[in-house]
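Residue strings, one per chain:
2 protein chains.
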Amino acid sequence: MAIKNRRWLLKRHPDPAELPGPEHFTLDEAKAPEPAEGQVLVRTIYLSLDPYMRGRINPARNYAQGVAVGEVMTGRVIGEVTASRRPGYERGDIVHANIGWQDYGVTGDAELRKIDPKLAPISTGLGLLGMPGLTAYFCLLDLGAPKPGETVLVTAASGAVGSVAGQIAKIKGCRAIAVAGSAAKIAYCTGELGYDAAIDYNAEPDLAAAIARAAPKGVDVFFDNVGGSVHQAVIERLNVGARIALCGVMSQYNPTERSRAVPYNLRNILIPRARMQGFLIYDYAAREREGLEALAAWYREGRIKFRETIAEGLESAPLAFRGLLRGENLGKQLVRVGPEPI
Amino acid sequence: MAIKNRRWLLKRHPDPAELPGPEHFTLDEAKAPEPAEGQVLVRTIYLSLDPYMRGRINPARNYAQGVAVGEVMTGRVIGEVTASRRPGYERGDIVHANIGWQDYGVTGDAELRKIDPKLAPISTGLGLLGMPGLTAYFCLLDLGAPKPGETVLVTAASGAVGSVAGQIAKIKGCRAIAVAGSAAKIAYCTGELGYDAAIDYNAEPDLAAAIARAAPKGVDVFFDNVGGSVHQAVIERLNVGARIALCGVMSQYNPTERSRAVPYNLRNILIPRARMQGFLIYDYAAREREGLEALAAWYREGRIKFRETIAEGLESAPLAFRGLLRGENLGKQLVRVGPEPI
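In order, the protein sequences belong to chains A and B. According to the working numbering, the first sequence is numbered sequentially starting from 101. According to the working numbering, the second sequence is numbered sequentially starting from 101.
Hints should not be assumed to be uniformly reliable.
Any copy will do: because identical chains look the same in the list, a pair fits if it lies in one copy or spans two.
To be verified - Cut-off 25 Å, straight-line C-alpha distance, at most; resulting in silico cross-link-like pairs (SDA-like, lysine to any residue): (1) K317 x T182; (2) K317 x D383; (3) K317 x Y382; (4) K317 x L380; (5) K131 x A396; (6) K405 x A297; (7) K247 x E401; (8) K247 x Y384.
It is worth saying that the hints were derived from the structure and are not from the lab. The structure presented is a predicted model; accordingly, all values stated were derived computationally and were not measured.
My request is simple: use the sequences and hints to build the entire structure.
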């Protein structure tokens, strides 16, 4: 008997300034595919929603292939192997796979890897022990290179990446400052996540003054997920030798930003001899194990906490994605597509 | 008998968007100072005019003390010691000294050093074998890190710094592209300086297209002295792993630039994982000898050429300074204040 497979297909590319939502996707129903030699069939349990996906449905120059109209929307999942034609993989294995927004998918590519359910809740394979956690780890430590006593400012500070970056900054003996966009996020940052100070960019009438108050000794490491007007304000406060770890530019996906470009005063880079560098997690594939082991150890020791916001049912994915880009989630945004194995 | 000393004093700070000129300075006449213990009295032969000086008369945050109203305008000179109370220095020595826009000055600070007149014309101590040459050397090699076969784009490419950076790029086996602002400069760049291609930003109707033509394989090293609209266009063409060696922001001194800030699309940094870093020559004081030896060797071998534009007489300094900021000079801008010793 054929297995039914629901899939979200891209209906049309959103305009650059448009927030994606249900109107850009079609929920299609098809027969689940069959694995070819070397592949497994994966039943999706959790689907990950991430800001980078916005770039995949933008028909602009990008670092990876975009999604074409009619194709399954891209996305990573944690799922269960239900059929295997790949050596080393068996029915019942829990895996990380890049199969997109659907109930079932086949894959055998480099992103397929087994998850150890004893290590941590399997959903963390998409967050702390997945791409967001690894991004925070390598982007902060390699590009930001924080030293004890330095001030580290993190934007999107309560998100899947930012929350881990902020906690690693604290582990490394830094003063950590959060920038986030709601009272609930600010409370989460200074409470559970342990940031030393937090700035609500939506509530703060004078961003520059708020940054000066939160970082009285200036900013040594600027871990930026956002770009936009916050970026512009932070670079006014860089210390000599400061590092900007440019991890993302979420503000460019937000149509409420007045402009996609940041009015950049290059003297703010020149005079403190600051360094800005762009980050892409794919460049760190060879060091994945190092990152996962460090993050898992900190998690077990209770030194890194990690929260998830879980939307229920594959059908909720487009709305949950819009919510993510609006900043409505706390921590990692997931969709529960199917039940965990008992 | 007291020695007469003419000095240019700052009369008022120019507005940020204003080009400095004679109206901002007063030519004063005083008695030459006498050297204290540890100092020498220097008679100015050549005065150096450099873009950084614009920043010194701007009452904004900066990396060095600004010049106050009524003070002698700051500047480095090559001069002759006419009296010495400093061990190791004698009357008749040719020295590099930071004594400002005047006929005579006393000094004993870290910038005082002897020049070997046998090595090269003494005026090169303010150019190729001075701060501009050292800036080109360290900023290109340390921040730009060019590799053979890469494409290096240099702005203010015919200037004292840019002309040296472009020639070092060629020595290192790179494709060197010049951006400059007049037909004469373009001819100088592709002729005497040996750039592979050159773009006249004042004559080019479509800067982006011109950059794409000149750099068909993209830009690996962007050596920028200017900022502004050229900067904005070049970052659209960065290759993966590109380096921006941010050496100066001359465009910010030019009132014809529409804005002091560059509208910066941070995706242009993020997606190619580019690195931008600000440069200041003072950070390289300990490596000065290494730079001077390399530059002098290339000069003697005829691998680096160096031109000077010389204004006659101390009284011409403010106008020559304005000309420099307008881009009217070719190569290093000097003022001949007094005769070389016979």
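Exercise. Using 25 Å as the alpha-carbon threshold, which applies to K317 and T182: within, between, both, or neither?
Worked result: neither (55 Å within a copy, 46 Å between copies)
Problem set entry | 25 Å Cα threshold - placement of E401 relative to K247 | within (22 Å within a copy, 45 Å between copies)
Exercise. When no copy is specified for K247 and Y384, does a C-alpha distance of 25 Å or less occur within a copy, between copies, both, or neither?
Worked result: both (22 Å within a copy, 22 Å between copies)
For this session: Since the copies are identical, ignore which copy is meant and state whether K131 and A396 lie within 25 Å (CA to CA) inside a copy, between copies, both or neither.
Result: Neither, since 37 Å and 74 Å both go past 25 Å.
For this session: Indicate which option fits the pair K405, A297 if close means a Cα-Cα distance not exceeding 25 Å: within, between, both or neither.
Result: This pair counts as within: shortest intra-copy Cα distance 18 Å, inter-copy 54 Å.
For this session: Pop the pair K317 and Y382 into one bin, within, between, both or neither, using alpha-carbon distances up to 25 Å.
Result: between (34 Å within a copy, 23 Å between copies)
For this session: Indicate which option fits the pair K317, L380 if close means a Cα-Cα distance not exceeding 25 Å: within, between, both or neither.
Result: For K317 and L380, only the inter-copy Cα distance (22 Å) is at most 25 Å; the intra-copy one is 29 Å.
Exercise. From the Cα coordinates, with 25 Å as the cut-off, is the pair K317 and D383 best called within, between, both, or neither?
Worked result: Only across copies: K317 and D383 sit 21 Å apart there, 33 Å inside one copy, limit 25 Å.
Checked against the numbered hints listed earlier, the structure breaks hints 1, 5; every other hint is satisfied.
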